[in-house]
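> Following the hints, position chain B against chain A.
So the sequences go chain by chain: A and B. Here the first sequence stands for residues 25 to 448, where the numbers follow our numbering. Here the second sequence stands for residues 25 to 448, where the numbers follow our numbering.
If you are wondering where the hints come from, they were derived from the structure by calculation, not from laboratory data. Be aware that a few hints might be false.
As the list makes no split between identical chains, a pair holds if one copy fits it or if it spans any two.
To be verified - DSSO-like, lysine-lysine: derived pairs with alpha carbons at most 27 angstroms apart: (1) Lys105 with Lys355; (2) Lys344 with Lys272; (3) Lys105 with Lys344; (4) Lys344 with Lys240; (5) Lys355 with Lys110.
Protein chains: 2
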Amino acid sequence: MSILLKNARILTMVDGEGIREGDVLIDGDTISYVGEKAPRQDYEKVIDCEKNLLMPGFKNAHAHSAMSFARSISDDLPLQKWLYDKIFPIEAKITPEDQYHLSKVSILEYLSSGITSCFDMYYNPMMMAKASIDTGFRSVMLGTATRYRENVKTMVDDYKAINGLNNPLVSYILGFHAEYTADEGMLIELSKAAHELHSPIFTHTSETPSEVEACKDRHHGLTPTEYMDSLGLFDYGGGGFHCVAFSKHDIEIYKKHGLSIVTCPGSNSKLASGIAPLSDFVAAGLNLAIGTDGAGSNNGLDFFYEMRLACVLQKLLLGKSEAFDGSLALKAATIGGAKAMGLNDCLYLKEGQKADIIMIDLSRPNMQPLNNIEKNIVYSGAKDDVKMSMVGGKILYMDGIFHLDEDIHSIYDRAQQITDRIKG
Amino acid sequence: MSILLKNARILTMVDGEGIREGDVLIDGDTISYVGEKAPRQDYEKVIDCEKNLLMPGFKNAHAHSAMSFARSISDDLPLQKWLYDKIFPIEAKITPEDQYHLSKVSILEYLSSGITSCFDMYYNPMMMAKASIDTGFRSVMLGTATRYRENVKTMVDDYKAINGLNNPLVSYILGFHAEYTADEGMLIELSKAAHELHSPIFTHTSETPSEVEACKDRHHGLTPTEYMDSLGLFDYGGGGFHCVAFSKHDIEIYKKHGLSIVTCPGSNSKLASGIAPLSDFVAAGLNLAIGTDGAGSNNGLDFFYEMRLACVLQKLLLGKSEAFDGSLALKAATIGGAKAMGLNDCLYLKEGQKADIIMIDLSRPNMQPLNNIEKNIVYSGAKDDVKMSMVGGKILYMDGIFHLDEDIHSIYDRAQQITDRIKG
Chain A
25 MSILLKNARI
35 LTMVDGEGIR
45 EGDVLIDGDT
55 ISYVGEKAPR
65 QDYEKVIDCE
75 KNLLMPGFKN
85 AHAHSAMSFA
95 RSISDDLPLQ
105 KWLYDKIFPI
115 EAKITPEDQY
125 HLSKVSILEY
135 LSSGITSCFD
145 MYYNPMMMAK
155 ASIDTGFRSV
165 MLGTATRYRE
175 NVKTMVDDYK
185 AINGLNNPLV
195 SYILGFHAEY
205 TADEGMLIEL
215 SKAAHELHSP
225 IFTHTSETPS
235 EVEACKDRHH
245 GLTPTEYMDS
255 LGLFDYGGGG
265 FHCVAFSKHD
275 IEIYKKHGLS
285 IVTCPGSNSK
295 LASGIAPLSD
305 FVAAGLNLAI
315 GTDGAGSNNG
325 LDFFYEMRLA
335 CVLQKLLLGK
345 SEAFDGSLAL
355 KAATIGGAKA
365 MGLNDCLYLK
375 EGQKADIIMI
385 DLSRPNMQPL
395 NNIEKNIVYS
405 GAKDDVKMSM
415 VGGKILYMDG
425 IFHLDEDIHS
435 IYDRAQQITD
445 RIKG
Chain B
25 MSILLKNARI
35 LTMVDGEGIR
45 EGDVLIDGDT
55 ISYVGEKAPR
65 QDYEKVIDCE
75 KNLLMPGFKN
85 AHAHSAMSFA
95 RSISDDLPLQ
105 KWLYDKIFPI
115 EAKITPEDQY
125 HLSKVSILEY
135 LSSGITSCFD
145 MYYNPMMMAK
155 ASIDTGFRSV
165 MLGTATRYRE
175 NVKTMVDDYK
185 AINGLNNPLV
195 SYILGFHAEY
205 TADEGMLIEL
215 SKAAHELHSP
225 IFTHTSETPS
235 EVEACKDRHH
245 GLTPTEYMDS
255 LGLFDYGGGG
265 FHCVAFSKHD
275 IEIYKKHGLS
285 IVTCPGSNSK
295 LASGIAPLSD
305 FVAAGLNLAI
315 GTDGAGSNNG
325 LDFFYEMRLA
335 CVLQKLLLGK
345 SEAFDGSLAL
355 KAATIGGAKA
365 MGLNDCLYLK
375 EGQKADIIMI
385 DLSRPNMQPL
395 NNIEKNIVYS
405 GAKDDVKMSM
415 VGGKILYMDG
425 IFHLDEDIHS
435 IYDRAQQITD
445 RIKG
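Excised from the complex, chain A in its bound form (with noise of 0.2 angstroms):
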């Protein structure tokens, strides 16, 4: 299908272009022009954007996307008694069937607040993966072994069935939980797999400054992130989770690898982890990406409020309201989430990219006056000015209603019924 967006402001995220005015065309899932006026009008579908923006989609690029079930069930609980007492023994009764439903529920949420790629980490991966077609959604699933469930085989199973799709809707990543649920063995033979399938890595990383005593307990005073280099586990790239309690040196680990951070500011804050050194991140020239991660922790997966919120705790982190431009926080949402997850023709919006955009309603009255729009997006950005969020050309949300092939309430039902058996 041939889609005109006419009559918008662009915002094409392509270093100093700013935003411009003019028409944008998409044939199939690929945007074919940007530019001040379409060579032809005579498109199947044409929608005129008043001059409201355009600009790529957000990337999720932490996500537990069937962990829906777990909203609200377990706020403002010491951090072990939310894990141990709550989450662990529901988590178990989770069928993979039970996923593919709860995970609709988060893509639905993302769509509304301008999400258009998730980086999903969940044990079973084909399960978010069909949701994610199902949907016409864009995800790249993440292995997530440690040392009592799913191991290295399982993932390179995974990695073969996903990718062998063929689907640009999904694609699969080797990764692991986190180091203090892993053993060595496994990390090992993990690493060979990696180097086998040139694969990058990623797993949850320094969320804690008492994860990192205990890792460097157990491994000769190594942090999390020097034990994972000296197994060769990034030596195809990849990136960290949370990333909170974070040494120069692995800094200079995460940069001599060209490895991704992904921040998790609503998670970190919500749990008392603490503030992920960000503007240290970005100072290093590191590529700083912005996750949600699940509704159990966060509990709302919008990523105004992630934005908004990576800026002002760094402000309050440096005690400098000058600290980390909102620009930066607009970069990791959009280029520097596609870029950990390895979506390079989801960078911009610009001619032979994906056509995942949104379209941003500037007659909100947050978004009035137009004094600078992308502050405007990050400081006063809400879910209520996503007008539409579009996925490789087609439209899954409009002006507050979803387009998918499947009723909204009996996403809603059929979440509720397992969220209420699996409490049960």
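Just chain B now, kept in the frame of chain A:
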């Protein structure tokens, strides 16, 4: 007009009542029935709430509504540069008529975030009173005397003029900008006026540690709160905005006079002022309210962001995920704000109270599954969940559409013209 809101979930905010199902009936500007089934069905307007949630609207207890012009003109700058090079010079060019128009943009934004009243501090308060009346919004105006501008006599005149309107949508309370912009003669005169009028007094206070230190230097080691108390300013109640750098003795003084704390987490974090010790305030039994501050510092005026941020910043401050339960933020955002503003007929969704009611759309994905609706509102809630905002029995916002006498684009155009003029 009589309106029946039927088939709803109802969060009355009355302690211990939780969420019930039933109908709400409104006659004129007042709630006339809350219960399982309305006594009749022949009302002028009947709305089927389809099991969505009705609750009291949010009370924005610290606002500078006319400052919508300042959104995104000066982000990510050092504090002094922000204030002296950007905000003050532009602000100096605003006329009272400008204020009237600029305030309307903020009122629209409040309604889109479920805010049904605000505590507005700005010069020429009759302009905001007029904007409130003309849009149907509820505001409490506050004096903002400084040694440079707006003296006590002006405030007494405003007090009589605005309260003399006898319009339930608007009222006026005495206030001054801050200790550091006041002089002692003015404060003594203000204290006298408060005693004569039996008016509470509110002010910006202890926003940063350096403000407190400078006050101590000027006033024999007294904190701003101790100094104000020594002048009898709080003998008829009132309270403070920000209260970031508060001592134990400051808290005792607030306790003694029954004063309210109005916290502004969005503004305090964006300006790197610090984190107010909300948990200490609550432990001391102080009335806690929440404010957005103005669009120049925050910049979005969104109560979902403020509630969630208030909670997570306390968790970070105390290093405990169990710190500051989400229900405290919900209470501060509704009852706490109404108490601070003296709106004792806007505390609850209850018979006899003003019909300042919002409807939360529970069929948005971020509200699913329905494990705990109150926690959903605080930790996953967002502006796209606001299905309706009603003030004084009038629906001012529903399904994304504003129901005002004036077209929103005319409000935006006027605000943009004014902004362009005063920025130039």
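> If a hint holds in the structure, say so; if it does not, say that too.
Outcome of the hint check:
For the identical chains of this complex, lysine 105 and lysine 355 are inter-copy neighbours only, at 25 angstroms across copies versus 36 angstroms inside a copy, given an alpha-carbon limit of 27 angstroms. Within a single copy, lysine 344 and lysine 272 get their C-alpha atoms as close as 21 angstroms, and across copies as close as 26 angstroms, so both meet the 27 angstroms cut-off. With identical chains, the CA atoms of lysine 105 and lysine 344 are at most 27 angstroms apart between copies only, with a shortest distance of 12 angstroms across copies and 35 angstroms within one. In this homomeric assembly, lysine 344 and lysine 240 come within 27 angstroms of each other (Cα to Cα) only across copies, at 23 angstroms, whereas the closest approach inside a single copy is 32 angstroms.
In the homo-oligomer, the alpha carbons of lysine 355 and lysine 110 lie at most 27 angstroms apart only across protomers (26 angstroms), although the nearest pairing inside one protomer, at 35 angstroms, exceeds that limit.
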